[in-house]
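Novice: Now for the letters of each chain:
Number of protein chains: 4
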Amino acid sequence: MGIRIFVTGGTFDKEYDELRGRLFFKDTHLPEMLKLARSRLDVSIRTLMMIDSLEMSDEDRELIVHQCEACDETRIVITHGTDTMADTAAALANGVAGKTIVLTGAMVPYAFGSSDGLFNLGSALSFVQALPHGVYIAMNGHCFAWDNVVKNKALGMFESLW
Amino acid sequence: MGIRIFVTGGTFDKEYDELRGRLFFKDTHLPEMLKLARSRLDVSIRTLMMIDSLEMSDEDRELIVHQCEACDETRIVITHGTDTMADTAAALANGVAGKTIVLTGAMVPYAFGSSDGLFNLGSALSFVQALPHGVYIAMNGHCFAWDNVVKNKALGMFESLW
Amino acid sequence: MGIRIFVTGGTFDKEYDELRGRLFFKDTHLPEMLKLARSRLDVSIRTLMMIDSLEMSDEDRELIVHQCEACDETRIVITHGTDTMADTAAALANGVAGKTIVLTGAMVPYAFGSSDGLFNLGSALSFVQALPHGVYIAMNGHCFAWDNVVKNKALGMFESLW
Amino acid sequence: MGIRIFVTGGTFDKEYDELRGRLFFKDTHLPEMLKLARSRLDVSIRTLMMIDSLEMSDEDRELIVHQCEACDETRIVITHGTDTMADTAAALANGVAGKTIVLTGAMVPYAFGSSDGLFNLGSALSFVQALPHGVYIAMNGHCFAWDNVVKNKALGMFESLW
Numbered sequence: 001m002g003i004r005i006f007v008t009g010g011t012f013d014k015e016y017d018e019l020r021g022r023l024f025f026k027d028t029h030l031p032e033m034l035k036l037a038r039s040r041l042d043v044s045i046r047t048l049m050m051i052d053s054l055e056m057s058d059e060d061r062e063l064i065v066h067q068c069e070a071c072d073e074t075r076i077v078i079t080h081g082t083d084t085m086a087d088t089a090a091a092l093a094n095g096v097a098g099k100t101i102v103l104t105g106a107m108v109p110y111a112f113g114s115s116d117g118l119f120n121l122g123s124a125l126s127f128v129q130a131l132p133h134g135v136y137i138a139m140n141g142h143c144f145a146w147d148n149v150v151k152n153k154a155l156g157m158f159e160s161l162w
Numbered sequence: 001m002g003i004r005i006f007v008t009g010g011t012f013d014k015e016y017d018e019l020r021g022r023l024f025f026k027d028t029h030l031p032e033m034l035k036l037a038r039s040r041l042d043v044s045i046r047t048l049m050m051i052d053s054l055e056m057s058d059e060d061r062e063l064i065v066h067q068c069e070a071c072d073e074t075r076i077v078i079t080h081g082t083d084t085m086a087d088t089a090a091a092l093a094n095g096v097a098g099k100t101i102v103l104t105g106a107m108v109p110y111a112f113g114s115s116d117g118l119f120n121l122g123s124a125l126s127f128v129q130a131l132p133h134g135v136y137i138a139m140n141g142h143c144f145a146w147d148n149v150v151k152n153k154a155l156g157m158f159e160s161l162w
Numbered sequence: 001m002g003i004r005i006f007v008t009g010g011t012f013d014k015e016y017d018e019l020r021g022r023l024f025f026k027d028t029h030l031p032e033m034l035k036l037a038r039s040r041l042d043v044s045i046r047t048l049m050m051i052d053s054l055e056m057s058d059e060d061r062e063l064i065v066h067q068c069e070a071c072d073e074t075r076i077v078i079t080h081g082t083d084t085m086a087d088t089a090a091a092l093a094n095g096v097a098g099k100t101i102v103l104t105g106a107m108v109p110y111a112f113g114s115s116d117g118l119f120n121l122g123s124a125l126s127f128v129q130a131l132p133h134g135v136y137i138a139m140n141g142h143c144f145a146w147d148n149v150v151k152n153k154a155l156g157m158f159e160s161l162w
Numbered sequence: 001m002g003i004r005i006f007v008t009g010g011t012f013d014k015e016y017d018e019l020r021g022r023l024f025f026k027d028t029h030l031p032e033m034l035k036l037a038r039s040r041l042d043v044s045i046r047t048l049m050m051i052d053s054l055e056m057s058d059e060d061r062e063l064i065v066h067q068c069e070a071c072d073e074t075r076i077v078i079t080h081g082t083d084t085m086a087d088t089a090a091a092l093a094n095g096v097a098g099k100t101i102v103l104t105g106a107m108v109p110y111a112f113g114s115s116d117g118l119f120n121l122g123s124a125l126s127f128v129q130a131l132p133h134g135v136y137i138a139m140n141g142h143c144f145a146w147d148n149v150v151k152n153k154a155l156g157m158f159e160s161l162w
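So the protein sequences, as listed, match chains A, B, C and D.
Using the numbering used here, you'd call the opening residue of the first sequence number 1 and step up by one each time.
Using the numbering used here, you'd call the opening residue of the second sequence number 1 and step up by one each time.
Using the numbering used here, you'd call the opening residue of the third sequence number 1 and step up by one each time.
Using the numbering used here, you'd call the opening residue of the fourth sequence number 1 and step up by one each time.
The reader is advised that the hints may include incorrect statements.
To be verified - For lysine-lysine, the following DSS-like pairs were computed, each having C-alpha atoms within a straight-line distance of at most 30 Å:
{"hint": "1", "chain 1": "B", "residue 1": "LYS99", "chain 2": "B", "residue 2": "LYS151"}
{"hint": "2", "chain 1": "B", "residue 1": "LYS153", "chain 2": "D", "residue 2": "LYS26"}
{"hint": "3", "chain 1": "B", "residue 1": "LYS153", "chain 2": "B", "residue 2": "LYS26"}
{"hint": "4", "chain 1": "D", "residue 1": "LYS153", "chain 2": "D", "residue 2": "LYS26"}
{"hint": "5", "chain 1": "D", "residue 1": "LYS35", "chain 2": "A", "residue 2": "LYS26"}
{"hint": "6", "chain 1": "A", "residue 1": "LYS35", "chain 2": "B", "residue 2": "LYS35"}
{"hint": "7", "chain 1": "B", "residue 1": "LYS151", "chain 2": "D", "residue 2": "LYS26"}
{"hint": "8", "chain 1": "C", "residue 1": "LYS26", "chain 2": "A", "residue 2": "LYS151"}
{"hint": "9", "chain 1": "B", "residue 1": "LYS26", "chain 2": "C", "residue 2": "LYS35"}
{"hint": "10", "chain 1": "B", "residue 1": "LYS26", "chain 2": "D", "residue 2": "LYS35"}
{"hint": "11", "chain 1": "A", "residue 1": "LYS153", "chain 2": "A", "residue 2": "LYS26"}
{"hint": "12", "chain 1": "C", "residue 1": "LYS151", "chain 2": "D", "residue 2": "LYS151"}
{"hint": "13", "chain 1": "C", "residue 1": "LYS35", "chain 2": "D", "residue 2": "LYS153"}
{"hint": "14", "chain 1": "A", "residue 1": "LYS153", "chain 2": "B", "residue 2": "LYS99"}
{"hint": "15", "chain 1": "A", "residue 1": "LYS99", "chain 2": "A", "residue 2": "LYS35"}
{"hint": "16", "chain 1": "C", "residue 1": "LYS99", "chain 2": "C", "residue 2": "LYS35"}
Claimed, not checked - Chain C side only, calculated, beta carbon under 10 Å to chain D, not exhaustive:
{"hint": "17", "residue": "PHE24"}
{"hint": "18", "residue": "THR28"}
{"hint": "19", "residue": "MET33"}
{"hint": "20", "residue": "GLY113"}
{"hint": "21", "residue": "ASP116"}
{"hint": "22", "residue": "PHE127"}
{"hint": "23", "residue": "ALA130"}
{"hint": "24", "residue": "HIS133"}
As the list claims (entries may be wrong) - Among chain A residues calculated to face chain C with C-beta under 10 Å, some are:
{"hint": "25", "residue": "GLU18"}
{"hint": "26", "residue": "ARG22"}
{"hint": "27", "residue": "LEU23"}
{"hint": "28", "residue": "GLY98"}
{"hint": "29", "residue": "ALA111"}
{"hint": "30", "residue": "VAL150"}
{"hint": "31", "residue": "LYS153"}
{"hint": "32", "residue": "ALA154"}
If you're looking for bench data, these hints aren't it; they were derived computationally from the structure.
Just so it is clear, CB atoms sit at the ideal spot from N, CA and C, and this is done for glycine as well.
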């Protein structure tokens, strides 16, 4: 059984709109990133939404929980904006059992030469293979349990609570 | 206790010599890569050698084994050329006990915009935190036990033996 | 006598603010770009402002005209946002005589791997050396006289009027 | 009438062979570079050869001279290895009349994130539009007459003779 990747948007997939001079979402870069990474993992990618995580509603989170429950795979990676990543992790911990779910994201868009996006993707896809069932956040090289993580918005870093 | 990273060279760290038009080794890119990746891991980096793995001698491997035994850390990542990575992994499995050691590398130099180097580094640093004692190779998103891996030189990919 | 480069901002020099997830101005990338380009030209770079050209006021344009008049150099390149580049060119044509002035810009920020910024910089610095006195816009490989150019905002391209 | 671009190889178009770990030639990157540069110039690209300029023979140079004579365009850019660029320029000056020919190249391959390749391409395409008939070398931001240029191999820079 392979790994399921759910795409929800976030900085990871933002692009530069050269006609309007602003950031926007188009398609996910996940397939391109996995190709450049020479990944040989058996993954299925599905885009659930393409939004800033600050705009993610309760209904959006219910959809993510439902998709994680409903899919056949027991190992799931979710790309997600960093601002409310911990909220979605909590919703998943309360709603999904018997699966290993790792959320990850980026501080810099992949289209802007993001180094953290590729590093985090490699990290999330590795932790999801190695860790027992549970919900985790893989950022900054660390893997945090869903109930022991907070984003330090001043530093743009994730930290454990205790 | 943090993670020890030993640098041995390989494609990972090759650079382009613009005066001579050829590839060469200068310094490792590991600190720069970890900075761009926004890694917050506690790592100590030490360069043991800067060579093509095809030129690695038995003495070189003995040095690597000795350094892995002697260091305080029990979690070690080694960047290494891909051609003889499996040989060094076997030497480590025979020579070092009670530690988790993950070897990784790249098919494209980091200085040439390598995507696999960053992805593999994120992968190796994650597997080394999550896996039990043993010697592994992290390439192409997979983590192989040292005695169940071979490089398919025609494809430039690592595969399990059985 | 060398070439004077005046920096006024524009897409050229925009950066990504990873804490706030938006674009902003910090310092100009011109020195770094010229270094990577292996330029051996004798240039003096001065930042006059760092703004979106849509926010450029009449006073800002008067400052640019004054600086072009006052400097010793007779060959001047100005980096500028594309939206009102033609307006500034017209102000310069009316206010400065006896100099070759070339305005250029970019559709994608240099920090985002912009290829057009480097290409346009090479183009502007070449036209400014080769052309007689006058005010020009160097974009998309072409060099337009200041009174025969318009930005096609739907295409993000500059075109001649006749 | 548009601009003719003749491709002869050189560092400009070198790629990294990830299976063999060495540099090689495949196809030219010129169309991709012009697209990313948002060039709107009317150009026709033709690959004459894909070689290191140190390996260029007298017959190769005769072919280049013949192609420059025979083509309809009077404005020609040639991408060329830097080591013998001045020799080919001299052959062209002796063999072709009534045309503006600009040779250019790069110190770093475009595929390795070369900044000088894009800058030099923008420069060469600009000088070829602006200069009178003659043979020139556009490198490092400068444009040298064919009989007043030498490559300083220790610095990797082009210099005028007097």
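Novice: It remains to establish, for every hint, whether it holds in the given structure.
Specialist: Comparing the hints with the structure gives:
1. B:LYS99 with B:LYS151: holds (24 Å)
2. B:LYS153 with D:LYS26: The given pair, whose Cα atoms are some 20 Å apart, holds under the 30 Å limit.
3. B:LYS153 with B:LYS26: The hint holds at about 26 Å.
4. D:LYS153 with D:LYS26: Roughly 26 Å between the alpha carbons, so the hint for LYS153 of chain D and LYS26 of chain D holds.
5. D:LYS35 with A:LYS26: holds (20 Å)
6. A:LYS35 with B:LYS35: holds (23 Å)
7. B:LYS151 with D:LYS26: holds (25 Å)
8. C:LYS26 with A:LYS151: holds (25 Å)
9. B:LYS26 with C:LYS35: It holds: about 20 Å lies between the C-alpha atoms, which stays within 30 Å.
10. B:LYS26 with D:LYS35: Status violated; Cα separation ~34 Å.
11. A:LYS153 with A:LYS26: With Cα atoms ~26 Å apart, LYS153 of chain A and LYS26 of chain A stay inside 30 Å; holds.
12. C:LYS151 with D:LYS151: violated (40 Å)
13. C:LYS35 with D:LYS153: Holds - the C-alpha atoms of LYS153 of chain D and LYS35 of chain C are around 18 Å apart, at most 30 Å.
14. A:LYS153 with B:LYS99: violated (36 Å)
15. A:LYS99 with A:LYS35: OK: LYS99 of chain A and LYS35 of chain A at ~26 Å, within 30 Å.
16. C:LYS99 with C:LYS35: Between LYS99 of chain C and LYS35 of chain C the Cα gap is close to 26 Å, so the pair holds against 30 Å.
17. PHE24: violated (23 Å)
18. THR28: violated (16 Å)
19. MET33: OK, holds: MET33 of chain C within 10 Å of chain D, min 7 Å.
20. GLY113: holds (8 Å)
21. ASP116: holds (5 Å)
22. PHE127: This interface hint holds because 5 Å falls under the 10 Å limit.
23. ALA130: This hint holds: ALA130 of chain C lies near chain D, its Cβ roughly 4 Å from the closest one there, short of 10 Å.
24. HIS133: Not OK, violated: HIS133 of chain C not within 10 Å of chain D, min 14 Å.
25. GLU18: holds (4 Å)
26. ARG22: It holds, given that the least Cβ distance between ARG22 of chain A and chain C is near 7 Å, below 10 Å.
27. LEU23: holds (7 Å)
28. GLY98: violated (34 Å)
29. ALA111: holds (7 Å)
30. VAL150: Hint violated; VAL150 of chain A Cβ to chain C Cβ min 15 Å, cut 10 Å.
31. LYS153: Since the shortest Cβ distance to chain C is 7 Å, the answer is holds.
32. ALA154: Holds, about 8 Å.
Going through the hint list in order, the structure does not satisfy hints 10, 12, 14, 17, 18, 24, 28, 30.
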